[in-house]
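> Now for the letters of each chain:
Number of protein chains: 2
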Amino acid sequence: MTTRFAISADDVRSAAAMIASVAVRTPLLEFASLNALTGSRVLVKFEGAQHTGSFKFRGAYNRLARIDASAKAAGVVAWSSGNHAQGVAAAARLLGMPAAIVMPSDAPIIKIENTRALGAEVVLYDRETESRETIAGNLSVRRGAILVPSYDDPFVIAGQGTIGLEILSQAAEAGIRVGQVLICCGGGGMTAGIATAIKDTAPATQIYCVEPQAFDDTARSLASGKRESVPKGARSICDALMTNSPGELTFPINQALLSGALTVSDDQVRSAICFAFETMKLVVEPGGAVALAALLEGLAPPAEGATVVIISGANVDPELYAAIITKSGRRNP
Amino acid sequence: MTTRFAISADDVRSAAAMIASVAVRTPLLEFASLNALTGSRVLVKFEGAQHTGSFKFRGAYNRLARIDASAKAAGVVAWSSGNHAQGVAAAARLLGMPAAIVMPSDAPIIKIENTRALGAEVVLYDRETESRETIAGNLSVRRGAILVPSYDDPFVIAGQGTIGLEILSQAAEAGIRVGQVLICCGGGGMTAGIATAIKDTAPATQIYCVEPQAFDDTARSLASGKRESVPKGARSICDALMTNSPGELTFPINQALLSGALTVSDDQVRSAICFAFETMKLVVEPGGAVALAALLEGLAPPAEGATVVIISGANVDPELYAAIITKSGRRNP
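Going down the list, the protein sequences come from chains C and L. All letters in the first sequence, in the order written, are residues 1 to 333 by our numbering. All letters in the second sequence, in the order written, are residues 1 to 333 by our numbering.
Okay, chain C solo, but in the shape it has when bound (with noise of 0.2 Å):
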């Protein structure tokens, strides 16, 4: 660790040795017609494939795996609409570790469904009337368990970093530099990580996050200077990116790092999933389609170098899918 950031890039090289036996290189794909659409070349790195259908697995499986032996018994708890929650489950699964999750009641079903299915307990709450840090903080005082914050958490940010690494690894294994990076940002911590990893080495490498127009707290922190907050009530369809505002430890990362800060409207998420349906084959859920949305709308500015697009998880109900792709689910047509 620096003195200055909550975590450094040996931070996000160690976690990567402890992912190395447990998770996925996800891989990082080329797609012509991308290319040939945003006339420049693009590298998507789909943690889709990622254990649990998102990214969450490398951090979370790089915090519990710190845990003391003597602590594991009494296992973690953690809050999150979904995808958090799913990487603590099947990390906590794998080091025999009990695990329970407080998730928003309307989270998407296939989060809720996959993350008992991991074999944890999940604590539904109510997202209007109900404070989760409160449910989970009791919870965790109760049972003498660890919680394990989404991304305010120098384990999480660095296992989320490994990302990072591997794109400049897979990258200089097909001949390529990488100029420029586009990733997905709720609390920041995937960003921060990446940023992290990815300026150690390519300090060139120009990195931008991505948010939903009603959750462009990070945009609006960095334009501020200081941690701002979305108004409450606001809405997305991207679930997994309905952050109040950046994180204590992420965001003096992400304003050192970052070049800047994009944001899509949800139509223009649901266009970036019908484009992933059609040309690329991928499946994607609204929040892990920002990056690409903004890629797609031509917000990234030119890169000297290939453009990174992070997809940063795929967990999304069939019935929304089905009504994006299909074009039903298009609010303003």
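I should point out that these hints are in silico values taken from the structure, not numbers from a laboratory. C-beta atoms are modelled at their ideal positions from N, C-alpha and C, and glycine is treated no differently. Just so you know, not all the hints are guaranteed correct.
Said to hold, decoys possible - EDC-like, lysine to aspartate or glutamate: derived pairs with alpha carbons at most 20 Å apart:
| id | chain 1 | residue 1 | chain 2 | residue 2 |
| --- | --- | --- | --- | --- |
| 1 | C | LYS327 | L | ASP10 |
| 2 | L | LYS327 | C | GLU133 |
| 3 | L | LYS327 | C | GLU30 |
| 4 | C | LYS327 | L | GLU113 |
| 5 | L | LYS327 | C | GLU228 |
| 6 | C | LYS327 | L | GLU228 |
Said to hold, decoys possible - Far from chain L by the CB rule (all over 12 Å, computed), these chain C residues:
| id | residue |
| --- | --- |
| 7 | ARG4 |
| 8 | ASP10 |
| 9 | ALA17 |
| 10 | VAL24 |
| 11 | GLU47 |
| 12 | GLN50 |
| 13 | ILE67 |
| 14 | LYS72 |
| 15 | GLY137 |
| 16 | LEU139 |
| 17 | ALA223 |
| 18 | GLU278 |
| 19 | THR279 |
| 20 | PRO301 |
| 21 | ILE325 |
Stated by the list, open to error - Now the stretches of chain C that chain L is said to cover, found in silico as 3 or more residues with beta-carbon under 8 Å:
| id | stretch |
| --- | --- |
| 22 | 27–34 |
| 23 | 99–113 |
Take the given structure of chain C and dock chain L to it, following the hints.
Frame of chain C; chain L shown alone:
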């Protein structure tokens, strides 16, 4: 070429060199969930990531690139329900040749539109009352254009066989021994190509083709020892695999090299498409899902080494895909 078969492993290696700079080396993916479900090690070769969303580009490019400069201007003619159509169209565009494709009027809309978008002329015919062979033959004669068969052509078979070379080298890179390969089968071109490539260097590998139950012509031909046809009027949701009988060139190869043929029902195909959506996060078309369906239904024998499953294509109309993943497309619930 050997004297016995239409192609040899050298022809596949020659095809690999021919397409190396233009085709996608598609990923060979592993899913812990799939391993756990089947109790075996499974690798998935995802040809949805190939240009035009199916493996067909490989054979088409290898065939078209062999056409003499003097014959290029007259172009090519092909018939296809859609994947070979797009493969030929994409290869023709890359090589600067005109292409006309005869397609059934009930082909998936996505396949017709994509073929046109690739610059090919699409000639529609009625599957029940017209002969695609006659229409394509006449077109070919009138224009002096070369007819490009979808499977019964040595260069096409060799091109599809490049998948086999990639599987062997990708598995070797990962330190994995391939025990058996399950291949989606229509006319048997991809099956014959892959079998030729793999049996040459790894003769102990077991190769199985997988067909829709209603189009089990290769299964029945292997049983009887001669090329059998399916009854007229047979139907399947696997539009890409509705081939009447095994090829003249492909069948002798498959007869010599295959360990057997498996068949799956349309409902088993629907279940496999849902599994790929929910768990693997990959879009798969019906014809591309038969090998996965055979694996999921436990039809493949135990293998000594990993089982490789080919997902051969992913061009599916959104309405059909939506109906399948929401289960509303299931005929026998």
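> Run every hint past the structure and note whether it holds.
Results for each hint:
Under the criterion of a C-alpha separation no larger than 20 Å, the hint pairing LYS327 of chain C with ASP10 of chain L is inconsistent with the structure, at around 47 Å. With a CA separation close to 37 Å, the supplied pair LYS327 of chain L and GLU133 of chain C exceeds the 20 Å bound. Distance hint between LYS327 of chain L and GLU30 of chain C is unfulfilled; the C-alpha atoms sit about 32 Å from each other, more than 20 Å. Taking the CA atoms of LYS327 of chain C and GLU113 of chain L, the gap is near 17 Å; set against the 20 Å cutoff, the hint holds.
Distance check on the hinted pair: LYS327 of chain L and GLU228 of chain C sit about 43 Å apart at the alpha-carbon level, beyond 20 Å; violated. With a C-alpha separation of about 43 Å, the suggested pairing of LYS327 of chain C with GLU228 of chain L is violated against the 20 Å cut-off. Listed as outside the interface, ARG4 of chain C is consistent with that label: its C-beta sits roughly 37 Å from the nearest C-beta of chain L, beyond the 12 Å cut-off. The beta carbon of ASP10 of chain C sits about 28 Å from the closest Cβ of chain L, which is more than 12 Å, so the claim that it is off the interface holds.
Remark: the non-interface label on ALA17 of chain C is consistent with the geometry, its nearest Cβ contact in chain L lying 19 Å away (cut-off 12 Å). Not every CB of chain L is more than 12 Å from the CB of VAL24 of chain C (nearest about 7 Å), against its label as outside the interface. Against chain L, the non-interface label of GLU47 of chain C is violated: not every CB pair exceeds 12 Å, the least being about 9 Å. With 12 Å as the threshold on Cβ separation, the claim that GLN50 of chain C sits away from chain L is violated: the shortest Cβ distance comes to roughly 9 Å.
With a least CB separation of 22 Å from chain L, ILE67 of chain C remains clear of the 12 Å interface cut-off, as annotated. For LYS72 of chain C, the shortest C-beta to C-beta distance to chain L comes to about 22 Å, beyond the 12 Å cut-off, and the non-interface label holds. Every CB of chain L is more than 12 Å from the CB of GLY137 of chain C (nearest about 32 Å), matching its label as outside the interface. With a least CB separation of 28 Å from chain L, LEU139 of chain C remains clear of the 12 Å interface cut-off, as annotated.
The non-interface label for ALA223 of chain C is consistent with chain L: the shortest C-beta to C-beta separation is roughly 34 Å, beyond 12 Å. Not every CB of chain L is more than 12 Å from the CB of GLU278 of chain C (nearest about 7 Å), against its label as outside the interface. For THR279 of chain C, the shortest C-beta to C-beta distance to chain L comes to about 8 Å, within the 12 Å cut-off, and the non-interface label is violated. No beta-carbon of chain L comes within 12 Å of the beta-carbon of PRO301 of chain C; the shortest separation is about 27 Å.
Separation of ILE325 of chain C from chain L is inadequate, the least Cβ-Cβ distance of about 4 Å not exceeding the 12 Å criterion. Chain L is given as covering the stretch 27–34 of chain C, and this holds because 6 residues of the stretch bring a CB closer than 8 Å to a CB of that chain, at least three being needed. Given a C-beta distance limit of less than 8 Å, the hint that chain L covers the stretch 99–113 of chain C is violated, as 1 residues qualify and 3 are needed.
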